[in-house]
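Dock chain G against chain H, hints included.
First to last, the sequence lines map onto chains H and G. For the first sequence, the residue numbers in this note's numbering are 247 to 565. For the second sequence, the residue numbers in this note's numbering are 247 to 565.
In short, the hints are calculated from the structure, not lab data. Hints should not be assumed to be uniformly reliable.
[Unchecked claim] Not close to chain H: a few residues of chain G, all C-beta gaps over 10 Å, as computed:
#, residue
1, Ala366
2, Thr392
3, Gly406
4, Glu441
5, Val455
6, Ser459
7, Thr491
8, Asp494
9, Ser504
10, Asp552
11, Glu554
12, Gln555
[Unchecked claim] Short derived list, chain G residues pointing at chain H, Cβ under 10 Å:
#, residue
13, Pro253
14, Ala256
15, Leu371
Idealized CB from N, CA, C, for every residue including glycine.
2 protein chains.
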Amino acid sequence: MTSPHPPADATLADLGEFGLVDALTVRFPQGDDVLIGPGDDAALVSFPGSRVVVSTDLLVEGRHFRRDWASALDIGHKAAAQNLSDVNAMGGRATALTVGLAAPPDLPVQWALDLADGIADEAALVGASVVGGDLTRADEIVVAITVLGVVDGEPVRRSGARPGDVVAMAGRQGWAAAGLAVLARGFRSPRVLVEAHRRPQPPYAEGAVAARSGATAMIDVSDGLVADVGHVADASGVAIDLDSTVFDVAEPLRAVGSALGADPMRFILTGGDDHALVATFPVSTPVPEGWLRIGTVAEGSGVTVDGEQFEGPGGHVHF
Amino acid sequence: MTSPHPPADATLADLGEFGLVDALTVRFPQGDDVLIGPGDDAALVSFPGSRVVVSTDLLVEGRHFRRDWASALDIGHKAAAQNLSDVNAMGGRATALTVGLAAPPDLPVQWALDLADGIADEAALVGASVVGGDLTRADEIVVAITVLGVVDGEPVRRSGARPGDVVAMAGRQGWAAAGLAVLARGFRSPRVLVEAHRRPQPPYAEGAVAARSGATAMIDVSDGLVADVGHVADASGVAIDLDSTVFDVAEPLRAVGSALGADPMRFILTGGDDHALVATFPVSTPVPEGWLRIGTVAEGSGVTVDGEQFEGPGGHVHF
Numbered sequence: 247m248t249s250p251h252p253p254a255d256a257t258l259a260d261l262g263e264f265g266l267v268d269a270l271t272v273r274f275p276q277g278d279d280v281l282i283g284p285g286d287d288a289a290l291v292s293f294p295g296s297r298v299v300v301s302t303d304l305l306v307e308g309r310h311f312r313r314d315w316a317s318a319l320d321i322g323h324k325a326a327a328q329n330l331s332d333v334n335a336m337g338g339r340a341t342a343l344t345v346g347l348a349a350p351p352d353l354p355v356q357w358a359l360d361l362a363d364g365i366a367d368e369a370a371l372v373g374a375s376v377v378g379g380d381l382t383r384a385d386e387i388v389v390a391i392t393v394l395g396v397v398d399g400e401p402v403r404r405s406g407a408r409p410g411d412v413v414a415m416a417g418r419q420g421w422a423a424a425g426l427a428v429l430a431r432g433f434r435s436p437r438v439l440v441e442a443h444r445r446p447q448p449p450y451a452e453g454a455v456a457a458r459s460g461a462t463a464m465i466d467v468s469d470g471l472v473a474d475v476g477h478v479a480d481a482s483g484v485a486i487d488l489d490s491t492v493f494d495v496a497e498p499l500r501a502v503g504s505a506l507g508a509d510p511m512r513f514i515l516t517g518g519d520d521h522a523l524v525a526t527f528p529v530s531t532p533v534p535e536g537w538l539r540i541g542t543v544a545e546g547s548g549v550t551v552d553g554e555q556f557e558g559p560g561g562h563v564h565f
Numbered sequence: 247m248t249s250p251h252p253p254a255d256a257t258l259a260d261l262g263e264f265g266l267v268d269a270l271t272v273r274f275p276q277g278d279d280v281l282i283g284p285g286d287d288a289a290l291v292s293f294p295g296s297r298v299v300v301s302t303d304l305l306v307e308g309r310h311f312r313r314d315w316a317s318a319l320d321i322g323h324k325a326a327a328q329n330l331s332d333v334n335a336m337g338g339r340a341t342a343l344t345v346g347l348a349a350p351p352d353l354p355v356q357w358a359l360d361l362a363d364g365i366a367d368e369a370a371l372v373g374a375s376v377v378g379g380d381l382t383r384a385d386e387i388v389v390a391i392t393v394l395g396v397v398d399g400e401p402v403r404r405s406g407a408r409p410g411d412v413v414a415m416a417g418r419q420g421w422a423a424a425g426l427a428v429l430a431r432g433f434r435s436p437r438v439l440v441e442a443h444r445r446p447q448p449p450y451a452e453g454a455v456a457a458r459s460g461a462t463a464m465i466d467v468s469d470g471l472v473a474d475v476g477h478v479a480d481a482s483g484v485a486i487d488l489d490s491t492v493f494d495v496a497e498p499l500r501a502v503g504s505a506l507g508a509d510p511m512r513f514i515l516t517g518g519d520d521h522a523l524v525a526t527f528p529v530s531t532p533v534p535e536g537w538l539r540i541g542t543v544a545e546g547s548g549v550t551v552d553g554e555q556f557e558g559p560g561g562h563v564h565f
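This is chain H alone, in the form it adopts within the complex:
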């Protein structure tokens, strides 16, 4: 964890996203009705007779999406998926979204309408509605989505992993990152990977499954597998070792790795945009059907892959 007291003349670039998050978090006092505050996939707020899961994400043109790489419909699906997945990662179920859109005045109306359709269609996959929002003018497009949801039992946090637990994953991993690598080189195929980048398919049903199955910690993979497993390790005060040999490197990933001269395992270990779920389970608990055992929890700190320190960028850093 970075010091929450940065030097007076630091810029956001100096501090980085996580440093700034740490510095901001200590400044937000939490009322009695806040059951889970900043620092998890979503917050949990007590209401009379209910508990509400809430999470916010921003997408910025050129950084999170490009209009020449994806349609507005796809971008809407992706923006909603990113938020819905945060509720999924708490073991909850999304019910409502608000959408803020800042956009330049020369943006075609049809683009905004298609974006809205994509968001609404993705929300409908989990039974959630777009209930409100805001529109304003800006030089670049920023999409700000907030999702509300319910959690039936106890929410699954990042901080509950215990030494001895098994680490497991649900959903695809590495496909969106490989699709991005393809697009970045000016290619449009393999199409299945480009589509995975444009429109992720988070395992929406699996968050609640994991919660019911006794998951001790959970996160959705948005910063990268190693990076997000690292968030669980940090929050839980444990060490996690990932076993790279269990991953079935799908043929399209191997093809792209070969074409780009890259190790396809990189996509799996550092890719984020598929929104796979990673959860930890007590060793005595059967891992739910369809989940892949990818590692183990031990005493200590940090993340290793096959027992070794993982080299290179662990994921996406936002400044």
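For chain G alone, kept in the frame of chain H given last:
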């Protein structure tokens, strides 16, 4: 209301904010748990055992604030106030906020921390906490705030005004607009007006007071008094006449009007950033203490001032 089916080649500038809102709103199907969807100051969503008020607002640098005109602390207060006021206008009480910040990497960390302090301090005025958020890089600063709240009784919507009702207002009106006019001319005084622009003082206690007193409709003045009263008239299917003679034009407003050669009543009729509350009450209901009777509701449509069509810009249009 603009047609919800704009021409295929229209841009956001062609359609305008309200046109785009109309076009978007029809695209968002609402689930059974949505008690109030898009189109009011806030939405209302049903949760097991509870109802949650939710609203989102965006602020963009250069459009909603300028770093040379207000401190980050002030901008934080103002951003939070704008959102908290939306809950107030439903007769609710804000409990939690999420904050999304998109910002350039050369932004001083201290600016972001001061912004956070301003948001948290303003939220504390009503007992609300900042429970989460998101940070990302962008070329311009965008602050996206979502507020959650509770409403003890029935929420007061925009659509409940009935012919014969009395229109009343709580809070200052025109001060922030006059402060903005002063700043735009390069002046920094009268200080009280500049401060009103930098840090509005919405009448947070009055939303619930109006709801308990039987208000039939309510809105917070963010687009301009005539414009927002127009939203109530449209949503309620009524005509509203405002009586300009009841407003006490405060001395600083008269001073600025005189210095700038402007009618100070313009600030009152078109200014928005004070977040005054306007509510309608049945004529048999005493208007709550501290509220100013400013008009009457009749059959028909649209807003008049002193019985006449109001000329000129009615408020803030975002494209």
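Practice problem: Determine whether the non-interface label on threonine 491/G survives the test: each CB of chain H must be over 10 Å from its CB. | Solution: The claim stands: threonine 491/G keeps its Cβ more than 10 Å from every Cβ of chain H (closest is about 35 Å).
Exercise. Confirm or reject the statement that aspartate 552/G sits farther than 10 Å, beta carbon to beta carbon, from all of chain H.
Key: Its Cβ never comes within 10 Å of chain H, the nearest being 32 Å, so this holds.
Self-check item: Status of the hint placing alanine 256/G at chain H (closest C-beta pair under 10 Å)
Solution: At about 4 Å, which falls below the 10 Å cut-off, the nearest Cβ of chain H leaves the hint on alanine 256/G intact, so it holds.
Practice problem: Answer holds if the nearest beta-carbon of chain H is closer than 10 Å to that of leucine 371/G; otherwise answer violated. | Solution: 13 Å, violated
Quiz item: Does the claim that glutamate 441/G lies off the interface hold, with its Cβ farther than 10 Å from every Cβ of chain H?
Solution: 23 Å, holds
Quiz item: Taking 10 Å as the cut and beta carbons as the points, is alanine 366/G off the interface with chain H?
Solution: Check fails; 5 Å does not lie beyond 10 Å.
Practice problem: With a cut-off of 10 Å on the beta carbons, see whether proline 253/G makes it to chain H. | Solution: Because about 8 Å separates proline 253/G from the closest Cβ in chain H, which is inside the 10 Å limit, the hint holds.
Practice problem: Determine whether the non-interface label on glutamate 554/G survives the test: each CB of chain H must be over 10 Å from its CB. | Solution: 31 Å, holds
Quiz prompt | 10 Å Cβ clearance of glutamine 555/G from chain H | solution = 27 Å, holds
Quiz prompt | 10 Å cut-off, C-beta based - serine 504/G kept clear of every residue in chain H | solution = 32 Å, holds
Quiz item: Is the Cβ of valine 455/G farther than 10 Å from every Cβ of chain H?
Solution: At about 20 Å from chain H, valine 455/G clears the 10 Å cut-off, so the statement holds.
Exercise. Could you check that no beta carbon of chain H comes within 10 Å of the beta carbon of serine 459/G?
Key: 22 Å, holds
When held up to the earlier numbered hints, the structure conflicts with 1, 2 and 15 and fits the remainder.
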